[in-house]
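K.L.:
Letter by letter, the chains look like this.
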Amino acid sequence: MSTTSEGATAQPEQERRRGGFSSRRVFILAAIGSAVGLGNIWRFPYVAYENGGGAFVLPYLVALLTAGIPFLLLDYAIGHRHRGSAPLSFARLRRGAEGLGWWQVGICFLIAIYYAAVIAWALRYTFFSLDQAWGADPEGFFFGEFLQAGDVQVTADVVPGVLVPLVLVWLAVLVIMALGVQRGIGATSLVFIPVLVLAFAALVVQALLLPGAGAGLDALFTPDWSALTSASVWAAAFGQIFFSLSVGFGIMITYASYVGRREDMVGSGLVVGFANSGFELLAGIGVFAALGFMAQANGVAVDEVASDGIGLAFVAFPAIISEAPAGALLGVLFFGCLVIAGITSLVSVIEVVISAVRDKFDTSRLTATLAVGVPAAVLSLVLFSTTSGIYVLDVVDHFVNQYGILVVALVSMLAVSWALRALTGLGDHLNVHGRPRVGTGWRLLTSVVAPAALAVVLVLALRDDLATAYEDYPSWLLLVFGWALVVALPLVGFLVARLPWRAGTHLDGPPPGSDPATPLGATTTGHDEGGTR
Amino acid sequence: MSTAAIVMMVVAMTVIWGGLALAMVSLVRHGAVEDRTENVRRDL
Chain E
198 MSTTSEGATA QPEQERRRGG FSSRRVFILA AIGSAVGLGN IWRFPYVAYE NGGGAFVLPY
258 LVALLTAGIP FLLLDYAIGH RHRGSAPLSF ARLRRGAEGL GWWQVGICFL IAIYYAAVIA
318 WALRYTFFSL DQAWGADPEG FFFGEFLQAG DVQVTADVVP GVLVPLVLVW LAVLVIMALG
378 VQRGIGATSL VFIPVLVLAF AALVVQALLL PGAGAGLDAL FTPDWSALTS ASVWAAAFGQ
438 IFFSLSVGFG IMITYASYVG RREDMVGSGL VVGFANSGFE LLAGIGVFAA LGFMAQANGV
498 AVDEVASDGI GLAFVAFPAI ISEAPAGALL GVLFFGCLVI AGITSLVSVI EVVISAVRDK
558 FDTSRLTATL AVGVPAAVLS LVLFSTTSGI YVLDVVDHFV NQYGILVVAL VSMLAVSWAL
618 RALTGLGDHL NVHGRPRVGT GWRLLTSVVA PAALAVVLVL ALRDDLATAY EDYPSWLLLV
678 FGWALVVALP LVGFLVARLP WRAGTHLDGP PPGSDPATPL GATTTGHDEG GTR
Chain B
464 MSTAAIVMMV VAMTVIWGGL ALAMVSLVRH GAVEDRTENV RRDL
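Heads up: the sequence lines are chains E and B, in that order. Okay, so the first sequence: first residue is 198 according to this note's numbering, each after it adds one. Okay, so the second sequence: first residue is 464 according to this note's numbering, each after it adds one.
Don't take each hint at face value.
As the list claims (entries may be wrong) - Just the calculated beta-carbon pair ranges, DEER-fashion:
hint, chain 1, residue 1, chain 2, residue 2, range
1, B, W480, E, L406, 17 to 27 Å
2, B, A484, E, P572, 14 to 24 Å
3, E, T352, B, V473, 34 to 44 Å
4, B, V473, E, V364, 26 to 36 Å
5, E, A681, B, L485, 31 to 41 Å
6, E, P357, B, L485, 23 to 33 Å
7, B, A484, E, S427, 44 to 54 Å
8, E, V355, B, V474, 47 to 57 Å
Stated by the list, open to error - A partial selection of chain E residues facing chain B, derived with a Cβ cut-off under 7 Å:
hint, residue
9, G347
10, R632
11, V653
12, L657
None of these hints come from the bench; they were simulated from the model. Only a predicted model underlies this, so the values are computations on that prediction, with no experimental measurement involved. By construction, the Cβ of each residue, glycine as well, lies at the ideal position given by its N, Cα and C atoms.
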């Protein structure tokens with residue numbers, strides 16, 4: 198057994214080696230930076246518009262309060278109590294559960310390699326905005342001149358215009374990661390999040406001053422109350438909250454493990470949850486004000502110009518920038534915000550992998566950064582800086598989100614709630630320093646409501662994908678970069694879990710000092726059955 | 464903008480941004496004092 202007084206004295210040393218956030222404020226900014234990503238800007242506005250407009254506020258808030266924040270607190274509790282990356286935290290919950298953590302790590306690795314490509318596009322478009330390089334045909338420019346996308350196939354034809362910014366993004370991310378938790382991630386968040394909020398606020402003000410902005414906001418907020426009777430609208434609300442908050446795939450577990458033991462994780466979680474939604478609302482106002490201007494300028498209805506995702510960012514917004522007064526400023530603000538929001542999310546995704554590698558193999562920060570970052574960057578460059586990058590990215594993004602994140606989150610939540618029966622202990626941990634207190638309601642939401650909502654979202658997505666091939670892509674593309682990947686991830690995860698931990702790793706239960714019942718310096722705990730392997 | 468749209472926009476802003484403000488106030492009032500001797504700058 199490792200939970201001896203000797204093991205207890207080693208624990209603070211291990212935590213010092215892992216690194217940590219210097220304060221609650223830094224942690225909250227980093228967590229907001231992770232949650233606020235591209236989806237907040239280009240996904241939420243359209244989801245809200247398509248699913249009842251102003252009436253969407255109701256299911257959205259219900260989803261936030263009944264699933265999003267409870268699930269966020271569950272992730273916080275797991276990481277904060279067990280003081281480890283996702284695999285180590287799950288291993289400390291129960292050794293057999295370690296594979297869930299590695300499954301989450303695998304998903305993060307995949308997300309990182311394509312997410313960087315989108316940031317690289319946004320970086321390039323920040324400069325394109327200065328002279329509106331897309332001319333009169335933003336769509337043709339994006340797919341043709343910029344991405345040089347041809348037929349749907351996998352090629353090795355490199356596009357230098359994508360390769361160079363992608364290299365720059367990876368270099369920046371590797372430097373941030375190598376600097377460590379506080380000096381890298383924490384310092385980046387301290388600077389980037391206030392800049393992001395100020396820049397996006399400036400964008401919103403500029404958009405609101407455009408002619409036609411009111412029509413855009415009218416389209417976004419006019420309530421369609423009949424939508425509330427549709428199951429798909431409620432599923433969209435839960436899906437949006439879930440994807441937006443970065444819960445269920447290791448990020449919040451990892452970040453929470455870097456927070457001081459005596460911090461209020463419940464209060465911090467409420468701030469992060471509402472801040473994420475607050476930014477989404479701001480994005481909705483800015484995006485639809487701009488779309489209203491575009492609709493008026495072209496003499497069409499807002500529904501004819503409304504879009505989301507890549508189409509919104511790289512086709513619709515360039516058109517708006519071309520027509521708006523001071524369009525260059527609007528473009529720099531919009532794409533600059535995409536880059537900043539993307540970078541802070543990307544570092545959180547990569548940190549899940551680096552933290553897991555460090556915990557498992559006892560490597561230095563720099564070694565782990567290079568061991569994870571260099572292969573990820575190479576894969577990213579090989580797959581997404583070519584003429585086929587857009588197709589591979591679209592497929593991987595769709596499948597990793599729908600069947601990677603959703604499934605691992607659902608399985609993890611059910612495992613923690615029902616198989617490991619850990620909710621009571623995790624709730625008690627949150628209540629030691631957290632306010633408001635969590636109790637039966639939180640356990641009910643986490644074990645029943647949130648998993649049920651996720652299951653419905655998953656079933657609806659699966660139904661759609663089985664009915665028609667996603668975006669009519671060829672079967673081989675969907676099979677290789679879609680289904681095969683999502684099936685391989687858990688298998689690889691549980692295989693990696695069989696590798697031994699570095700010597701002296703405390704397993705089987707939270708480390709000493711995490712709970713009042715096992716303060717630092719305590720001797721053996723009841724559920725400590727072996728400690729190391 | 465229609466009255467209904469204005470009302471829903473105000474409701475959304477009040478609930479979400481108001482919720483954020485409340486959460487921040489609550490955290491400041493009840494947040495535990497960090498154990499700085501143990502946790503400050505553990506990064507190497």
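K.L.:
Each of the hints needs a verdict: does it hold here or not?
P.N.:
Each hint, compared with the structure:
1. W480/B to L406/E: 17 to 27 Å: 21 Å Cβ-Cβ, so the 17 to 27 Å window holds.
2. A484/B to P572/E: 14 to 24 Å: 43 Å, violated
3. T352/E to V473/B: 34 to 44 Å: For T352/E and V473/B the Cβ distance comes to about 51 Å; the hint is violated.
4. V473/B to V364/E: 26 to 36 Å: At roughly 46 Å between Cβ atoms, V364/E and V473/B fall outside 26 to 36 Å, so the hint is violated.
5. A681/E to L485/B: 31 to 41 Å: 46 Å, violated
6. P357/E to L485/B: 23 to 33 Å: Since the Cβ atoms of P357/E and L485/B sit about 50 Å apart, the hinted range of 23 to 33 Å is violated.
7. A484/B to S427/E: 44 to 54 Å: 32 Å, violated
8. V355/E to V474/B: 47 to 57 Å: Holds, since V355/E and V474/B (Cβ atoms, about 50 Å apart) stay within the stated range.
9. G347: Hint violated; G347/E Cβ to chain B Cβ min 43 Å, cut 7 Å.
10. R632: 4 Å, holds
11. V653: 24 Å, violated
12. L657: 25 Å, violated
Consistency note: the structure conflicts with the earlier hints numbered 2, 3, 4, 5, 6, 7, 9, 11 and 12.
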